[in-house]
Structures are given as structure tokens and as C-alpha cells.
Amino acid sequence: MTMFAVLTKFELKLQLRNVITLFFALAFPLMMLLLFGAMYGNEPSEFTGGYGAVDLMVPSYTCMIVAVTGIMSLPLTVAAYREQKILKRFMATPIQPLQILAAQVVVNSITTIAGIALLLVVARLVYHVQFLWNMPATLFAFLLVLACMFSLGLMIAGGAPNGRAASALAYLVYFPMLFLSGASVPLYIMPKSIVKIANILPLTYGVRLLTGVWLGGALWDYGRELLVLLGVTILSVALSIRFFKWE
Amino acid sequence: MGIINVSGLSKDYGSLRAVDNVSFAVSEGSIFGLLGPNGAGKTTTMECMIGLKKRTAGQITVLGLDPERHRQKLFNDVGVQLQETVYQSSAKVYELCELFASMYTKPLDYHSLLERFDLTEKAKRSVGSLSGGQRQKLAIVLALISNPKIVFLDELTTGLDPGSRREIWSYIKQLQNEGRTIVMTTHYMEEASFLCDQICLISQGAIVAAGTVDEVIAEAQIDLVIAFETDSDVRLLLSALPHSGQIVQQDSLVHVYTHSEQTLTDLVLALHEAQVAYRKITITYPQLEEAFLKLVNPAQKGAVS
Numbered sequence: 022m023t024m025f026a027v028l029t030k031f032e033l034k035l036q037l038r039n040v041i042t043l044f045f046a047l048a049f050p051l052m053m054l055l056l057f058g059a060m061y062g063n064e065p066s067e068f069t070g071g072y073g074a075v076d077l078m079v080p081s082y083t084c085m086i087v088a089v090t091g092i093m094s095l096p097l098t099v100a101a102y103r104e105q106k107i108l109k110r111f112m113a114t115p116i117q118p119l120q121i122l123a124a125q126v127v128v129n130s131i132t133t134i135a136g137i138a139l140l141l142v143v144a145r146l147v148y149h150v151q152f153l154w155n156m157p158a159t160l161f162a163f164l165l166v167l168a169c170m171f172s173l174g175l176m177i178a179g180g181a182p183n184g185r186a187a188s189a190l191a192y193l194v195y196f197p198m199l200f201l202s203g204a205s206v207p208l209y210i211m212p213k214s215i216v217k218i219a220n221i222l223p224l225t226y227g228v229r230l231l232t233g234v235w236l237g238g239a240l241w242d243y244g245r246e247l248l249v250l251l252g253v254t255i256l257s258v259a260l261s262i263r264f265f266k267w268e
Numbered sequence: 100m101g102i103i104n105v106s107g108l109s110k111d112y113g114s115l116r117a118v119d120n121v122s123f124a125v126s127e128g129s130i131f132g133l134l135g136p137n138g139a140g141k142t143t144t145m146e147c148m149i150g151l152k153k154r155t156a157g158q159i160t161v162l163g164l165d166p167e168r169h170r171q172k173l174f175n176d177v178g179v180q181l182q183e184t185v186y187q188s189s190a191k192v193y194e195l196c197e198l199f200a201s202m203y204t205k206p207l208d209y210h211s212l213l214e215r216f217d218l219t220e221k222a223k224r225s226v227g228s229l230s231g232g233q234r235q236k237l238a239i240v241l242a243l244i245s246n247p248k249i250v251f252l253d254e255l256t257t258g259l260d261p262g263s264r265r266e267i268w269s270y271i272k273q274l275q276n277e278g279r280t281i282v283m284t285t286h287y288m289e290e291a292s293f294l295c296d297q298i299c300l301i302s303q304g305a306i307v308a309a310g311t312v313d314e315v316i317a318e319a320q321i322d323l324v325i326a327f328e329t330d331s332d333v334r335l336l337l338s339a340l341p342h343s344g345q346i347v348q349q350d351s352l353v354h355v356y357t358h359s360e361q362t363l364t365d366l367v368l369a370l371h372e373a374q375v376a377y378r379k380i381t382i383t384y385p386q387l388e389e390a391f392l393k394l395v396n397p398a399q400k401g402a403v404s
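Line by line, the protein sequences are chains A and B.
Counting from 22, one number per residue, gives the positions in the first sequence under my numbering.
Counting from 100, one number per residue, gives the positions in the second sequence under my numbering.
Hints may be right or wrong, so weigh each one.
Restricting the straight-line Cα-Cα distance to at most 20 Å, the calculated cross-link-like pairs of lysine to any residue (SDA-like) are [to be verified]:
id: 1; chain 1: A; residue 1: K109; chain 2: A; residue 2: W267
id: 2; chain 1: B; residue 1: K172; chain 2: B; residue 2: P206
id: 3; chain 1: A; residue 1: K106; chain 2: B; residue 2: A190
id: 4; chain 1: B; residue 1: K152; chain 2: A; residue 2: T29
id: 5; chain 1: A; residue 1: K109; chain 2: A; residue 2: F265
id: 6; chain 1: A; residue 1: K106; chain 2: B; residue 2: G258
id: 7; chain 1: B; residue 1: K393; chain 2: B; residue 2: E314
id: 8; chain 1: A; residue 1: K30; chain 2: B; residue 2: Y186
id: 9; chain 1: B; residue 1: K248; chain 2: A; residue 2: G62
id: 10; chain 1: B; residue 1: K172; chain 2: A; residue 2: T23
id: 11; chain 1: B; residue 1: K153; chain 2: A; residue 2: W267
id: 12; chain 1: A; residue 1: K30; chain 2: A; residue 2: A124
id: 13; chain 1: B; residue 1: K152; chain 2: B; residue 2: S188
id: 14; chain 1: B; residue 1: K191; chain 2: A; residue 2: T29
id: 15; chain 1: B; residue 1: K205; chain 2: A; residue 2: M24
id: 16; chain 1: A; residue 1: K30; chain 2: B; residue 2: S188
id: 17; chain 1: B; residue 1: K152; chain 2: A; residue 2: E104
Derived by calculation from the structure, the hints in this document are not laboratory data.
Just chain A, with the same shape it has in the complex (with noise of 0.2 Å):
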């Protein structure tokens, strides 16, 4: 095995230990899922303009595991990583520091495709929910709000001075998105000072973004979501390239 798939292994060994990731990405989405499916079921309804409410959670709560993976778990453990001093030991060897963050992003993107995977097939079995998608449409918005996601969180991790200022910082950007941008409570019933608040918030974009294109809709009849997740991420990485700091 090449020095990198050992690495990636590795990392994901290390993940699949963090009971409070895999808690948060794979358990907390099917919980939400089951708790809000017995409460509203899956009923066209006027109100959730003609679909059931369990179509609309499950975009929603993909955005959710996204958040979680690339705004908590991510930065968190690089984080840790540089106070720890491992990535300071890592650059005494033959490896590429970027080496170190890109497992992590890999192995960040497969706790979240399981989590995805696990969410879609629970929807499907228990709510019978329908693939209205249109399915390249769907994986291109998927993967862009993934790589909005994940840059925000290396530039949390890179700027953070340390460990704990990364955890307070990934909060503060993680908390307000998980309940302001829709990808937990649907924004359709928040006052309209919410919504507000819910526009300046990148994930906002992402689930509007992804639930149009999930329920069918087409890339371009959403421009001034992709031109934001574009933008939010093309700038996060510009900041991590500039201030990521290794020690």
C-alpha cells in the first residue's frame, strides 16, 4: 500500500473510534428522521408546497451531516492535530504535510456519504420517500456544498490560534447553521427576522441548493446559490492557503 492509502486507513480507524462524530453524522440525522417523520409523516401537503415533509428533510439533513463533518469533525481533529504537535512530527518525516490534511478529507467525505447513504435508505424504507432527482444535478450541488463545508473548516482549522480557540470558533459557525439555514428546521416556518439571519449563512444556499435540485429542479434555476457556495469556498481556501498555519 502506498504511504497515503496507509495514512487514510488509518485516519478512518482513528474516526470510526470517535463515537461523537459518528454519533453526530450517522445516529443524530436518523433520530431527526424518525422523530419528525412520526410527526408530520410523509403526506403531500399544501403547506410544504405539494411534497411530504420527509421529501424535504432529507436534502436538508444531507446538509446537516455535511456541516457536521466539515465544520466540527474536521477542524477539530487538525486542529488537535497541530497542538498535539503531530503535524510538527508528520513534517520530520518523508510525508507531505498535505498529505495529512487530505486523508482527513477523505475520511471526513466517507463518514459522510455513509451517513448520507444510511439516511436515504432509512427514508426510502420507512417513508417511502421518492427520488424526484435529477441525479448529476444532485451530486454536482452535493459535492459543491461539501467543498464549501470542508474549506470553511480548514480555514477554521489553519486561522484558529489553537486547539481551543478552533472548537470555539467551529461552534459558533456550526451552531447557527444547523439551526438557522434550514438544514434541521425547515425555514418555511420561521419568522421572516430569521430568515434574515438565515441569508447570511453559507449552508443556507446549500440546502436551498440541494433540496431544489433533490426535488427535480434545474442547476441554473438556482445561480445565486451556486455563485455563493462558489464564492464562500474559492475565499476559504485563498484564507487557508494564506494563514494555515502548521504549528
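Chain A is already provided as a structure; the job is to place chain B on it using the hints.
What follows is chain B alone, placed relative to chain A:
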């Protein structure tokens, strides 16, 4: 020329000079110790030698290469243990070994390394369940996996109990016997005296003394102390001795300070001639610790480690 040559090394952190014009050479197969109080610049000097820190000025060659420019290449021949590294507590010992083994072209068999460091039983345990001594042994195993010619050890025994510390010392001696060169930092003078062929004493980023342990002690010019007990007042008698410095007598206990061992012979002859009875005579040579304290003024602060 040594296997490592450092000449005129300086390192600034902003306006603070952490290492100031340091030069030394490490000869192949030796154990070289960087000594100094906390914050003296030992770790910074070592990290410049490994290429983990960019130097402000000076030249460094390790195995003939510049560590800053050939970092990746050098790390096949250089093993490193960093003072502050805390490995992932949920990782298992063998998993870390496998990971490090995958990084090198010709790694040593980590099973035999674990065996040698008495960690075989711990191979499937998590790093978090290891004792402090076991973690340090694991750090050495990981530093050795590349089968390095040079091993850098940064305060390897800090925080260990005396038993574990001595166990680690014997391992370091073994590494030297295998022909490896060791560069270590420590602030334990007993450790440096036991292990190091050459030491370099750093204070506030600058070299205060360098050489063998005995040479550094000699440089500090500390008196030998001859002590004995007698029932007579010998102060007048002993003041006539050549070489001797201060003579202190408190009741029966006498201390004679001198910079020459010859004083012992002179003293015994003088006492014998004057028919003065004496007992419990001892001679105390200055240790590295006293030389360290004399050479390094501990009141001064301000540098970064």
C-alpha cells in the same frame, strides 16, 4: 568536519533572538548533548538542525546536506522524537508503527523494535493506555523505524521516574553501540554526564561552554572540597599548605577548598607530621550540575525554547 556541522546559527522570533551565533560540530557515532535552562534555545537549535525551523543566519549541514533545502531527503536517514508530540490517544501502538513504516523506503521491522523496547505486549493497546515511560519508548521506536544514521531526542526523559529514566539511558547507549549518532537535549546534568561524549551548554541562545563533560567542569573552575573530622583546631596548621584556598572548621568538621588534588597529599602529610588524629576524610569533585549553575546565570530570562 562532523556528521553535523553548525556554524554561526542564529534564529530570531520577531525581535527576539532565540539562538545567537551558535557553532559546533557533532562527530559520527557520538552522543552530543545540548544543555541549558528552560528557554535557553536548545529545542530551537535542534529544530533548525532538523529543518523544521528556518534559520535567520548561519550554515548547517547534516550528512552533508542543508536540512532546510533537503528536508524530505534527510528524513530517510534522520529519526526524530519531539518533546511536545502527543500521539493520538485512540491509536493503537502497532497502527502507529505501521503508519511510520509506510513512510520509508527500507523501514526496520517494527515487531522486533517493539520487542527490543519491551512493548510487544502493548502492541494492540491504545496510546492513551500507556504509561509515560512506555510512551517515550514508543517515541523512540517511531524515531528508529527509518533505520536512521542520526537520532534527535528532545528532552526524552523529562517527567519520567528515575527507574524509567535509567532504562531509557541504557537504550540510548545501545543506539550508540549500533553506530548511530545521537543528538539530545536535556536539562538533567546527571543524564548528560552519564550519556554524552560532547556537550554544548547554551544560555540565552548563546554557547556558554562546550567540550567533554570533564572539560566543561574544568572550565567552571570550581574548587575540590576535602572534608574530614578531627578533635584539634587545625586552622593554623593547614593555612601553611600550598595551593589551598579557604579553610573552614566548625567544631570537629573541617572543609578545605582547593583547586589542586595535590592538596590532599600535602594535607595528610601535614596532619601526620603534627600527629593530629583525623577521621572520615573525603574528597568531593565538582559535578556538572555545579558547573552548570556557575556558568549559567539562572536569574537572567527572556529567551524562547
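Cross-check of the supplied hints:
no., hint, result
1, A/K109 - A/W267, "holds, 7 Å"
2, B/K172 - B/P206, "holds, 15 Å"
3, A/K106 - B/A190, "holds, 15 Å"
4, B/K152 - A/T29, "violated, 27 Å"
5, A/K109 - A/F265, "holds, 13 Å"
6, A/K106 - B/G258, "holds, 18 Å"
7, B/K393 - B/E314, "holds, 14 Å"
8, A/K30 - B/Y186, "holds, 16 Å"
9, B/K248 - A/G62, "violated, 68 Å"
10, B/K172 - A/T23, "holds, 18 Å"
11, B/K153 - A/W267, "holds, 14 Å"
12, A/K30 - A/A124, "holds, 9 Å"
13, B/K152 - B/S188, "violated, 27 Å"
14, B/K191 - A/T29, "holds, 15 Å"
15, B/K205 - A/M24, "holds, 13 Å"
16, A/K30 - B/S188, "holds, 16 Å"
17, B/K152 - A/E104, "holds, 17 Å"
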